[in-house]
Structures are given as structure tokens and as C-alpha cells.
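Trainee: Once you have looked at the hints, place chain Z on chain L.
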Amino acid sequence: KAGVTQTPRYLIKTRGQQVTLSCSPISGHRSVSWYQQTPGQGLQFLFEYFSETQRNKGNFPGRFSGRQFSNSRSEMNVSTLELGDSALYLCASSGTSPGTDTQYFGPGTRLTVL
Amino acid sequence: EDQVTQSPEALRLQEGESSSLNCSYTVSGLRGLFWYRQDPGKGPEFLFTLYSAGEEKEKERLKATLTKKESFLHITAPKPEDSATYLCAVRTTSGTYKYIFGTGTRLKVLA
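Chains as they are written, first to last, in this note's numbering: chain L, 1 to 114; chain Z, 1001 to 1111.
Same shape as in the complex, but just chain L (with noise of 0.2 Å):
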């Protein structure tokens, strides 16, 4: 089976631009959730998709959105980015009755903004 994807693997982008991120789950996953990941900060909640509606949402301002595909497939969108952004985005996808709901990580998204 193959595992979570994530592309790109690498960005740069500069201030006051936009980036989307985009992450294919296991087969068969219908719940993907999206984390920050920056030195000292330990993994940050972003959002989490089911069956194309947010589930749940961290604390992050309204920059940063998201949306599921009727495939499972999701995405993530920066606006306006700041040099803070700067971080590792994971995806994780995980099934969601009983005993499936164990989130697998993609390798991730490094995201440089200049």
C-alpha cells in the first residue's frame, strides 16, 4: 500500500505571496489533517478534513485554509505569507472508525519564505 504523498517536497517563496500544498492520503483514509512543524515549536494543529468538511481547526489565523477533494486528496493555501511561515507542513491521513484511526505521516512539505 502505498504510503501518504506530499508535493512539493521543497519551496521558496517570498513575502506577501501564496503557496498551495497538496496531500494524497492511504488508500482507503477519509480523515486528513495538515500540521506546522518549526524548530521548537513541536508539531502545531492546523486543520482536519472528513469527507470534504473541516472537522476540526488549530489556532491559526484565517492565512491558512484548507479543503478535501471527493477523492480524499487535500490541500492546503498560505496567503499572504509572512517569514514565519517558514516551517515543515505534515499531512497525516488516518481511517476513522475504531482501531483505524492511527494518522500516518507523509514526508512532509519544507516551506522557505524569503
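Please keep in mind that the hints were generated in silico from the structure rather than gathered at the bench.
The C-beta atom is built at its ideal place from N, Cα and C for all residues, glycine as well.
Keep in mind that the hints are not guaranteed to be accurate.
Stated by the list, open to error - If you want the footprint, here are the derived chain L segments under chain Z, 3+ residues with CB under 8 Å:
| id | segment |
| --- | --- |
| 1 | 37-51 |
| 2 | 60-71 |
Claimed, not checked - Straight-line C-alpha distance at most 27 Å; calculated DSS-like pairs for lysine-lysine:
| id | chain 1 | residue 1 | chain 2 | residue 2 |
| --- | --- | --- | --- | --- |
| 3 | Z | K1057 | L | K13 |
| 4 | Z | K1059 | Z | K1079 |
| 5 | Z | K1098 | Z | K1063 |
| 6 | Z | K1108 | L | K57 |
| 7 | L | K57 | Z | K1069 |
| 8 | Z | K1057 | Z | K1069 |
| 9 | Z | K1108 | Z | K1057 |
| 10 | Z | K1079 | Z | K1057 |
| 11 | L | K57 | Z | K1059 |
Mentor: Chain Z alone, transformed into the frame defined by chain L:
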């Protein structure tokens, strides 16, 4: 408030020196507890899922245990390749089943 705390923040071991990492949690209801290993610049790699107090799981030099308030990740005779950050997470049964992560334990195993 639901919370996950990991200790110690960092740990240095000599090769072969066994130790344990702690993950304590305060949640209104536990749906599952998860352990991950993360190498620098990479996504977390799944290790174990535990669902109920008393449950134990093993994989090579690692063993995870769970009580009603905490989980331990025991590392027996570690090797330098076990050096990584170990993350603990819980999924709650309340509300919309959030995942809550601890800040991790950075493990360094010296040859």
C-alpha cells in the same frame, strides 16, 4: 483542558544503556495513544497504537505500555540508530475526536 506532556525533553544514553520515555496525559476520554519516531527534516514514523490500560506492544528494542494516566516507551539496549525525537499523541473521545501531540523527547544514543 486536554493535555499531553512528555518527559524528559532530551535524553543522552550510552549504547546499550536502557531507559524509558514518559508520556502523561489528561483527557476527558481516551480513544487511543500513539507513539511516533521522527528523524530531522522527515515526517513522523508510526511506531505503536495503544487503546486500553494494561496494553503493551513491542517492536525490536522498543516496548510501549499504557496506564490510565501515562504511557512509557521503554528502549532496551539502544543503538546509535535509535537516535531521534520520539513523539506521543492521544486521540480524545470528546467532541470531534481531536489528536493532541506532546512536544517530544529528543534521544541521542552515543556509540
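Trainee: Checking one constraint from the list: CA of K57 (chain L) to CA of K1059 (chain Z), max 27 Å. Satisfied?
Mentor: Violated - the C-alpha atoms of K1059 (chain Z) and K57 (chain L) are around 33 Å apart, more than 27 Å.
Trainee: Is the hinted pair K1057 (chain Z) and K1069 (chain Z) satisfied, with a Cα-Cα distance of at most 27 Å?
Mentor: 17 Å, holds
Trainee: With a cut-off of 27 Å on the C-alpha distance, tell me whether K57 (chain L) and K1069 (chain Z) pass.
Mentor: 26 Å, holds
Trainee: Taking a Cβ-to-Cβ distance below 8 Å as contact, does the segment 60-71 of chain L have at least three residues touching chain Z?
Mentor: Coverage by chain Z is violated here, the residue count being 0 at a Cβ distance below 8 Å.
Trainee: Checking one constraint from the list: CA of K1108 (chain Z) to CA of K57 (chain L), max 27 Å. Satisfied?
Mentor: 34 Å, violated
Trainee: Decide if the proposed pair is consistent with the structure: K1098 (chain Z) and K1063 (chain Z), CA atoms, cutoff 27 Å inclusive.
Mentor: Holds - the C-alpha atoms of K1063 (chain Z) and K1098 (chain Z) are around 25 Å apart, at most 27 Å.
Trainee: Check the hint pairing K1079 (chain Z) with K1057 (chain Z) against an upper bound of 27 Å on the C-alpha distance.
Mentor: 20 Å, holds
Trainee: Quick one, are K1108 (chain Z) and K1057 (chain Z) close enough, alpha carbons at most 27 Å?
Mentor: 23 Å, holds
Trainee: Can you tell me if the segment 37-51 of chain L counts as covered by chain Z, using C-beta to C-beta distances under 8 Å and a minimum of three residues?
Mentor: Since three or more residues must qualify, the claim that chain Z covers the segment 37-51 of chain L holds, with 4 doing so at under 8 Å.
Trainee: Starting from K1059 (chain Z), check that the Cα of K1079 (chain Z) is at most 27 Å away, please.
Mentor: This hinted pair holds, its Cα atoms lying about 14 Å apart.
Trainee: Please verify whether K1057 (chain Z) and K13 (chain L) have alpha carbons no more than 27 Å apart.
Mentor: The given pair, whose Cα atoms are some 43 Å apart, is violated under the 27 Å limit.
Checked against the numbered hints listed earlier, the structure breaks hints 2, 3, 6, 11; every other hint is satisfied.
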